[in-house]
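One line per chain: the protein sequences are A and B, in this order. For the first sequence, this note's numbering gives the first residue as 1, with consecutive numbering after it. For the second sequence, this note's numbering gives the first residue as 1, with consecutive numbering after it.
Quick caveat, the hints were computed from the structure, so don't treat them as lab data. Note that CB positions come from ideal geometry on N, CA and C, so glycine has one too. Heads up, some of the hints might be wrong.
For the chain A half of the interface with chain B, some residues (derived, Cβ under 7 Å), not all of them [stated by the list, open to error]: (1) Leu151; (2) Ala272; (3) Pro273; (4) Gly414.
Pair ranges (Cβ atoms, derived) [said to hold, decoys possible]: (5) B:Gln60 to A:Ser436: 58 to 64 Å; (6) B:Glu51 to A:Arg154: 32 to 38 Å; (7) A:His85 to B:Gln58: 57 to 63 Å.
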Amino acid sequence: MHIDARTLPNGSVLEADLCIVGAGAAGISMALEWIGSPRTVLLLEGGGLEYEPAMQDLYRGESVGLPYYPLQAARLHYFGGTTGHWAGFCSTLDPIDFDKRDWVPHSGWPLRREELDPFYARAQPLLELGPYEYAAGDWQRRDPTLVPLPLDPRVMWTKMWQFSPPTRFGTRYRDAVIGARNVHLYTHANVCELEANESLGAIEGLRVRTLDGKEHRARARYYVLACCSIQNARLLLASNRRTPTGLGNAHDLVGRFFMEHLEIPSGHLALAPSHAVNTKLYAFEFGQTKARGELALSAAVQSNQRVLNGTVSLEPGAPDEEAQSTFQWGTPERLKTMRERKALGKAAPPPAKSPLFFHLMTRQEQAPNPDSRVMLSTERDALDVPRAKLAWRLTELDRRSFRVFYEVMGRELGRSGVGRVQLLDWVSRDDGTWPSTLSGGWHHMGTTRMHDNPRFGVVDATCRVHGLDNLYVAGASVYPTGGAANPTLTLVALSLRLSDHLKRTLA
Amino acid sequence: MDRRQFLDVTASSALVAGLPAAFNLHALAQPDLLPILGPEAVREIGVRYRELVPAENQRQALHAAILAARPWSARVPWLAGPSIGAMVAEDFAAGRTMVVQGWVLSTTEARQSALYSMLAA
Chain A
1 MHIDARTLPN GSVLEADLCI VGAGAAGISM ALEWIGSPRT VLLLEGGGLE YEPAMQDLYR
61 GESVGLPYYP LQAARLHYFG GTTGHWAGFC STLDPIDFDK RDWVPHSGWP LRREELDPFY
121 ARAQPLLELG PYEYAAGDWQ RRDPTLVPLP LDPRVMWTKM WQFSPPTRFG TRYRDAVIGA
181 RNVHLYTHAN VCELEANESL GAIEGLRVRT LDGKEHRARA RYYVLACCSI QNARLLLASN
241 RRTPTGLGNA HDLVGRFFME HLEIPSGHLA LAPSHAVNTK LYAFEFGQTK ARGELALSAA
301 VQSNQRVLNG TVSLEPGAPD EEAQSTFQWG TPERLKTMRE RKALGKAAPP PAKSPLFFHL
361 MTRQEQAPNP DSRVMLSTER DALDVPRAKL AWRLTELDRR SFRVFYEVMG RELGRSGVGR
421 VQLLDWVSRD DGTWPSTLSG GWHHMGTTRM HDNPRFGVVD ATCRVHGLDN LYVAGASVYP
481 TGGAANPTLT LVALSLRLSD HLKRTLA
Chain B
1 MDRRQFLDVT ASSALVAGLP AAFNLHALAQ PDLLPILGPE AVREIGVRYR ELVPAENQRQ
61 ALHAAILAAR PWSARVPWLA GPSIGAMVAE DFAAGRTMVV QGWVLSTTEA RQSALYSMLA
121 A
């Protein structure tokens, strides 16, 4: 069922067993799980079914830290959420990502990778991916021409990615959600405040506003915030009627530990022609490639060298080309050409011969940093909610990890005879500065981090907000660390896990 | 150059006359890097290496340093020592690397590049 909240009489009360705030990858994944169940579900989406500039403007905000993308461009505010412009890169977090690493302050998840495996497997079809297989050997068995580089597994390994078409949740699952009798989708229903009870132990209701001036209330037994990392934190902080620091924020953690993936061109690889290395496994063609490998440091090397997790992709190029970040590369002209070719069912022309020279693009996790944070701005949006203010900040560990990665990789690719690695100037420098090509992957994580102890985390291992009996958080905001993998697969897996938990709780 | 290095170089120099052809000065000045990076990049690496290690900014010093870096077995005439390619691989495995012009190189091939910049450029 779908209702535009603007058509409701002012002051309407929406009621259900479960209320999910936000209809992006997390919210829709959860809602789909409840279709046909005996429970009623409210799915509240602030935007409409399509992109609308006025709705998108509600996501505008300030940026006061390192240069960052305009906040209104970094996520999408309509049904389907940011899957409306994602690229479809999917991989799992590694076992080491869940560990408490003594060289990475604030690291460690209150769950193990094995606990997520069944949910990863369930998330694969939702994202229209292949089988739940992320070992290079699995893909080599399917296609013997996909050969991993001959690396010493004690030093480096090939981490696999799979590629979603990419699934646009807003179009792919629109009919299923709207057709579900027990899932009530309200669009243009912007949650502006979570109202806690007097003891601050539970949520009593949500204040929902529309841009045309109406205000409604949503009530449910359980609530799930599934907006996005910036918006989840913003809503908790802005819900400060009863407690000035906002809800779930008794220990000043909400909004802190904002993380990105650092995606930066960092070096070059020149292959040794005499070895004729096959790099097909590492090639990527948007819309065509089902899986590809990237190079990663082993867990043992990360531990010995006391560095962060990351991976490096191989982008064929020429030595005299200037490397570009993902978003420098994606110029409007180039994207237009890609869309035109895709519409015509054409792939890019195959390379004339196997490339011998590659630009190396790093995707590295960001060290959890309490000073990298989302706060409230003094400016308010059209619904009178304080806008988000982002201070994206990095640490010395983030910087040092790049250099170590490239030096280790240079030695291993030299030892194995694959070729030689060149560090870009900024990687070689030890001055702590970042290059102008510094960019994130548009991956927002960590503002309501997960920890068993409320002094160190906003949500517990079930994703319930500490201190609030009936409020949960879904999405990448619960990640204590971000690993090297793009966040979508993991956030969908966690949403399915949360959905199972709530089904048991409501039973 | 400390005393040990001096003795190593001296001992190696004494064996130069009996070296395999692959270890003569002109053969060493043709590093395996050439087909990977091209002559211009190798020359630049060589020039930069000589700036970084001024004590080896002479062909004989470079030659001696490469020979001195060989394992002991290579210095015994009746034992077959490693090839220069094996020395490079062993450098990488043992972490005897340096970053020159941004490239992560084995110390041996960096010295070879320096020789190349002197003899072939």
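Checked hints:
Taking 7 Å as the C-beta cut-off, the interface hint given for A:Leu151 is violated, the closest approach to chain B being about 12 Å. Hint on A:Ala272 holds. Least Cβ distance to chain B is approximately 5 Å, under the 7 Å limit. Given hint, A:Pro273 at the interface with chain B, holds; its Cβ is 5 Å from that chain's nearest Cβ, closer than 7 Å. Nearest Cβ of chain B to the Cβ of A:Gly414: about 4 Å, under the 7 Å cut. The hint holds.
A hinted range of 58 to 64 Å is violated for the C-beta pair B:Gln60 and A:Ser436, which are about 45 Å apart. Taking the beta carbon of each, B:Glu51 and A:Arg154 are about 35 Å apart, inside 32 to 38 Å as hinted. Separated by about 60 Å at the C-beta atoms, A:His85 and B:Gln58 satisfy the suggested range of 57 to 63 Å.
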